[in-house]
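Protein chains in written order, with this note's numbering: chain Z, 23 to 355; chain S, 2 to 264.
For the record, the hints were derived by calculation from the structure and aren't laboratory data. Don't take every hint at face value.
[Stated by the list, open to error] Covered stretches of chain Z, going by a simulated chain S footprint (3 or more residues, C-beta under 8 Å):
#	region
1	105-119
2	247-257
3	295-307
[Stated by the list, open to error] Below, a sample of chain Z positions facing chain S; criterion: calculated Cβ distance under 7 Å:
#	residue
4	R72
5	Y231
6	L232
7	N238
8	L239
No residue lacks a Cβ here, since even glycine has one placed at the ideal position from N, Cα and C.
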Amino acid sequence: MMPQRSRLARLFWLLGLTLLVVLLVSVFIGRYPAPYWMSPTILREDELARRLLLSLRLPRVLTALLMGMSLSAAGAVLQMVFRNPLVEPGFLGVSQGAAFGAALSILWVGSSPIVLEISAIIFALIGLMLSYSLARRMRHGSWTLRLILSGIAVSALFSAGNGIMKYLADPLSQLPEITFWMLGGLWGMTWNKLLFISPFVILGLLIVYLMRWRLNLLSLSDETAFSLGTAPARERTLLLIGAVSATAAITSVGGIVGWIGLIVPHIARRIFGANAQYTIPASMVIGGVFTVICDNLARSLLPGEIPLGILTSLIGAVAFLGLMISPQLKMRI
Amino acid sequence: MNNPGIISLSNLTFNYGANHQDAINDLSLEIPAGSIAAILGPNGAGKSTLLHILLGMLIPQSGQVLLDGKDLSFYSRREMSRLVGLVPQIEHIPFEFSVMEYVLLGRAPYLGILQMPSDVDYQAVSEIIQTLKLTHLSHRAVLDLSGGERQMVLLARALAQQPRILLLDEPTSHLDLSNKGHILQILRDLAEQGVTVIFTTHDPYTAVLSARYLILMREGRILDTGPIEQVLKSDKLTSTYGVPVRVVKVKGHPVILLDQTLT
Chain Z
23 MMPQRSRLAR LFWLLGLTLL VVLLVSVFIG RYPAPYWMSP TILREDELAR
73 RLLLSLRLPR VLTALLMGMS LSAAGAVLQM VFRNPLVEPG FLGVSQGAAF
123 GAALSILWVG SSPIVLEISA IIFALIGLML SYSLARRMRH GSWTLRLILS
173 GIAVSALFSA GNGIMKYLAD PLSQLPEITF WMLGGLWGMT WNKLLFISPF
223 VILGLLIVYL MRWRLNLLSL SDETAFSLGT APARERTLLL IGAVSATAAI
273 TSVGGIVGWI GLIVPHIARR IFGANAQYTI PASMVIGGVF TVICDNLARS
323 LLPGEIPLGI LTSLIGAVAF LGLMISPQLK MRI
Chain S
2 MNNPGIISLS NLTFNYGANH QDAINDLSLE IPAGSIAAIL GPNGAGKSTL
52 LHILLGMLIP QSGQVLLDGK DLSFYSRREM SRLVGLVPQI EHIPFEFSVM
102 EYVLLGRAPY LGILQMPSDV DYQAVSEIIQ TLKLTHLSHR AVLDLSGGER
152 QMVLLARALA QQPRILLLDE PTSHLDLSNK GHILQILRDL AEQGVTVIFT
202 THDPYTAVLS ARYLILMREG RILDTGPIEQ VLKSDKLTST YGVPVRVVKV
252 KGHPVILLDQ TLT
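Modelling step: build the complete structure from the supplied sequences, incorporating the hints.
Written out as structure tokens, the structure reads:
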């Protein structure tokens, strides 16, 4: 007997449909020709509207989708692998590490997309390794708490590094680019940039998606995971590399966008239960929808762009507080 | 003759690094298939270490572990996971898996690394849940269960591996008397079906109730091993626990007493 299989299937159809509708509507949202909405009918006569939609809005919406998928999947993987429901890429030095790598590359190596991206991935992995090994060495507190504390400390170190690089940066050519990563946002997204990041993002997401049931086993204690035939260290590392690569690649074009990786897996678990076989795809879709909607607001709400990272922090933090104080909270720490 | 589940240990020695004293010293023992062996000793005696060696997680510095007459190191990880199941002492589960979802994880040895459980696996798990009389719990979260129920669920997960050797770490230490009796009855049933059961316990009475073989441990030393009739003696238990212990027979059954009348 499969448990509530039809209910799960219905929910997934609903999620998929929501995603399609949101994607379709999003390309018509913006500030041209008038604020908020572009009527599809004007595409027939307005050449500028067509080009705007195809070469600016479409790649941006797709990047927002990949961003939401990556951050949420990475959040879910980090939470399960570290057996800690309170972590996300932004709390473990991953996002800040990626931004640091990107800034470093702009300053001293060059800002070609591929170099930037690889530098971001390397430093994101270093950030994660530092957070983990520091947490292992800390003497006081529970594992949940130690991991968060060391993650916050490592994130702060990278943020400080970023701050120093801001001073070293050329104020005209390099500073704006670096500042951009601190706030997070997808303006200036092009097909070209999307093309550069997609291999890493898609490969990372694919690893996580394909190993999603296995992830359940890897969230158990070492001895149990081992007795079930896994190679806990090796398989966890593979999943982390997948999740971190996707996150770092997307951070190299979108900057630090927080809270999505924390809040979305919690929502997914609320709906689908703890089984990662379902919560991984659900997190990806919910994260995608959430980020595309946030980015729509970021680019159309005001005449000037609102940094995406600010919006997701605002909504994510409020939603998280709501989840934390809600009486039927399905989380144990 | 094929005798699945037979375990034989010869001259096993293990330590956690050159500067540590041996956690296990020159242990030799043969445990026939379908029997129950208890590793008995006070807390911190190195009992779990021995379980982890049998699991293949720790590798002994010298000596040999033979399962079915074949050296443990020659088994693949997948073969081992189908042969040996583990019920850990405490399983900290940070997420709200339902009983069904959790027990299903025991099917991993039969699934590829990218494979999802199929109807066959759900079927196998349903049967185990039914046998252990857990059907009414199958959609409850493991975290919400009582200690006794949770222990049964851990056991069900290990049994979903269909192991021929079952290792349990202090399976009854957190349980009340009725749950303790229930678990020990299940272990005896399993042994009758040919599963070799090895469990650790600090409580000699738990060992008496079910085990046919005893391994006495204290501070990383194996004090004595063998059939329970030979090992369960007042003097041996006294040196295991460091307090005077007396074994008396009540209606033919051994009972262990803390011998404080002598002091």
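Going through the hints against the structure:
{"no.": "1", "hint": "105-119", "verdict": "holds (count 3)"}
{"no.": "2", "hint": "247-257", "verdict": "holds (count 7)"}
{"no.": "3", "hint": "295-307", "verdict": "holds (count 4)"}
{"no.": "4", "hint": "R72", "verdict": "42 Å, violated"}
{"no.": "5", "hint": "Y231", "verdict": "10 Å, violated"}
{"no.": "6", "hint": "L232", "verdict": "5 Å, holds"}
{"no.": "7", "hint": "N238", "verdict": "6 Å, holds"}
{"no.": "8", "hint": "L239", "verdict": "5 Å, holds"}
In summary, the numbered hints that this structure violates are 4 and 5.
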